[in-house]
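Each chain is listed here by its residues.
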Amino acid sequence: MRTYLSHIRSIIFTLAILTAMAAMPVLAQQLGPDGAPNPTASVVPEHKLLQQSPRIEGRIDIPSERARVLMQPAGRQWDHFHEITLHWLGATVIVGMIAALAAAYLIIGRLRISNGRSGRKVLRFSSFERFSHWLTAASFVVLGLTGLNITFGKIVLLPIIGPEAFSSMSEAAKYVHNYVSAAFVIGLALIVALWIKDNLPRNVDIDWVKQGGGFIRSKHAPSGRFNAGEKLVFWFALGAGAAVIISGCLLIFPFYVTDIAGMQIAQVVHAVIAVLFIAVIIAHIYIGTLGMEGAFEAMATGEVDLNWAKEHHDLWLEEQLAKERLAARSGQSSAVPAE
Amino acid sequence: MARVKFLCDADRCIECNACVTACKNEHEVPWGINRRRVVTINDGKPGERSVSMACMHCTDAPCAAVCPVSCFYTTADGVVLHSKDLCIGCGYCFYACPFGAPQYPKVGNFGSRGKMDKCTYCAGGPEDDSSPAEYAKYGANRLAEGKLPICAEMCSTKSLLAGDGAIIAEIYKERVMKRGYGSGAWGWTTAYHEGIAV
Ligand code: SF4
Ligand code: SF4
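Protein chains in written order, with UniProt numbering: chain V, 1 to 339; chain X, 1 to 198.
The shape of chain X in the complex, shown without the other chains (with noise of 0.2 Å):
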């Protein structure tokens, strides 16, 4: 099987949030919860750089080392999920989140945090694929239909890339050969434990 993960890049993206909208839509993510966000580094300034940032379904990933409850399992693509059946809402994958992916939908006043909710790589959680009890919790399982995360699918500039891991790498590298510069994969060395050498 693959290893599936995200790529941004960082010198394609136009901060169009299409696919911050595009993700909140499809999941009918609750208000106040962004599963995934784009971040305007030196904005305004020369060398602006902005980059779509979510669960990047890290190797060894933190959170899920955290969770005192261990509501977290990763599948056999390399995805990240976890159980909100399970979930204490403690906010501790936050804490260890390099990205600050996990996301809760409360104050957390007196630990009133509430059910996490991050990015799930449109792959829903331990429920039956695809059931209402799935999409009611964690939103659509385009994964389970053979299709990708739907904020990578619909990046009108494809700055945004979601999909087996040396593919996307291969793509990218491509991509810098070619235009002659590149930024990087951002969040790569942290997520993964390797970069993409061009």
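Okay, chain V solo, but in the shape it has when bound (with noise of 0.2 Å):
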């Protein structure tokens, strides 16, 4: 039993030993050419730590999250993100859609209903879906518009109106954009809850497109309720609004489940995909209205021609002409009973 105990105790000291003898380079780093100690041997500079991680964070007393950051140099980065890339990328986009849609119309010009006006009308869009369209549609402006001015207000509208007048504008803006939020949030779930059934992939919108989508005169594209290409804008507004939706949402209650970097990232996508949006909007909003005749009433009123839906929407037309004649012929069946 005793030589057992001393046996380990002996593993245990020629470990202890080996272990001492493993660590000396590390001692002897930490001794300066003198013997004296060296304060820095283990300290890592600061460009190894920011080699390890774009931040140098450490430990400190106040109780907050981001205070513990001590350096992110990434700030630099979105610092060229937000002047330089974000103002060419904005205006580049929105100001080329401008001119590519003014071409459109120079070239083009407006896409006259072929056989004229009937005079006869058809619904196309319930009040109910009229106004989810149009509370979009408003806030949609309100917001490109006031987030515009956070991007492009300092280099178009403050050297007119002067620091003051555009702060408080500003300011103003700013609470409009972030309320008016809700309103656009409402609108899109709205209108993906009305149109998503139709707004499904079919087989005719590849004839539609192959048929020149309605800008070649002589030849008939096919589609129903939607087209493709207004199933293109539906998707991308679906998409595109999630994504400046949950951003925005990032954005509005900072630091809430992101840190710095978290909220550098929501800010780009959040511009980034707003002026795509804009570009797309713009082109949405030319072809509502003046791009083509007879568009423009299906939001305003509700109905449109019957010559504009069946040179735009005919399969859709044929189903709405048979749901009348089914409705008509059961009212008369029920207005006069079964001898």
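Treat the hints as calculated values from the structure; they're not laboratory data. Heads up, some of the hints might be wrong.
Rough simulated footprint, nothing fancy, chain V against chain X, three-plus residues with beta-carbon under 8 Å [unchecked claim]:
{"no.": "1", "region": "33 to 41"}
{"no.": "2", "region": "69 to 81"}
{"no.": "3", "region": "99 to 112"}
{"no.": "4", "region": "178 to 188"}
These numbers were taken from a predicted model, which means no experiment stands behind them. By construction, the Cβ of each residue, glycine as well, lies at the ideal position given by its N, Cα and C atoms.
Using the hints, put the two standalone chains together into the complex.
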């Protein structure tokens, strides 16, 4: 028993010596050339820390996660995105789209109803559908303008109206942007719920594209309630809308679920998607008003001309007319009891 | 004119937080706002260092660049100041600042951050020097009185240095030569696009 214990003891002793020997070089490193302890031997310098992670964080007594971050050089990159990339991207995409549409108007012109108006109206959008559309549309315009002000206001407006007026206006715009966002969320949710069924891709969409999407006069592009172009706008609005809503929530409740890097990414996503969204919606507005005769009334009064419907949404029109006939027949049968 | 800077010699900082307290007292900084803070890296481990950090008054200040209402200005000494009258409390300067310097009096939900507050290098704001209006918004204007920032002035180990960038860099270099080590001027490369070569 005794020998057994002494065996263990000597093993532990040998292990301890070995560990000490292994630690020797480390110890040596912590001593300066004169044998005095080198206090910086184990200090990791700033550039090494920044190689390991994009931020230098430590411990702090202030009860805030943000305050723990000593340094985040990425702030300069975000500055570059915000001041250079975003300005160029936004200006190019939005001005480019307006220029493209102006060119389209000059070259193709307004798309007329080929056979002229029939005078007969068909209901295209119910009042609730129009309400959902205009709720989304109005809030989008407000959000778009107040959002653009944050990025471009200081270049475009500030020199004209002066710093005081521009600041008061921008502060109001900031609150408007934050609160009107709720209306946009509701509007988009309604639109999606109402129209997702009619926007599911169908075989006829391929034909529509093959026939030139209604832009080639000699060809007829078949379509259901929504054509492939409208479907693209719908799905884009759904995707981009979801992206701006999620990133917007992160920005409106800062640092709740993300850290500084998360906030920067949220802002980048919000801004990039928003300028693309604005460009697409400018095109949507153009086609719905200037670009095509007979389109705007669908969202204004809800009714479109029969010939317009025949030209642009033939399959949908057939369905509607069939429904009307059915309703008329059943109306007749209930009015005139069976013999 | 001199280009003034801050330098924290991390090998001297003893994490006493006196700079933080002195700043709060000098400017009567409201509850919840810390213009200066001390962060400890590798706490409790070998190589632990504390760094006192506030606004570094950057060259090409990112906060000033991103501000949507352009409310920042740089003084002839290189101090980055802003106007609380123009600030809309958007919080963008905090996203851009590499040093977490901008502070806000409110939580921030639904854009309610309030006017941004940060270290002024004890140089006040756009109001008349040492006027009550300036004091209420930005705190004391020591620079106008010919004094340096209070945090560095009362630092007991002289870890935190403020003043002409060339002179404090020289002092730091000398220290490093004498004692034979130095973990560097923290944040200088990011703030001023240059470190201190020893
Ligand atoms: S440290 Fe931050 S707040 Fe100070 S000048 Fe630099 S970016 Fe601006
Ligand atoms: S919080 Fe104020 S100072 Fe900072 S970027 Fe926004 S408006 Fe400018």
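Checked hints:
1. 33 to 41: Coverage by chain V holds for the region 33 to 41 of chain X (6 residues, Cβ < 8 Å).
2. 69 to 81: This one holds; 3 residues, not fewer than the three required, reach chain V with a Cβ under 8 Å.
3. 99 to 112: Contact hint for the region 99 to 112 of chain X vs chain V: holds, 6 residues under 8 Å.
4. 178 to 188: holds (count 7)
Checked against the numbered hints given earlier, the structure satisfies every one of them.
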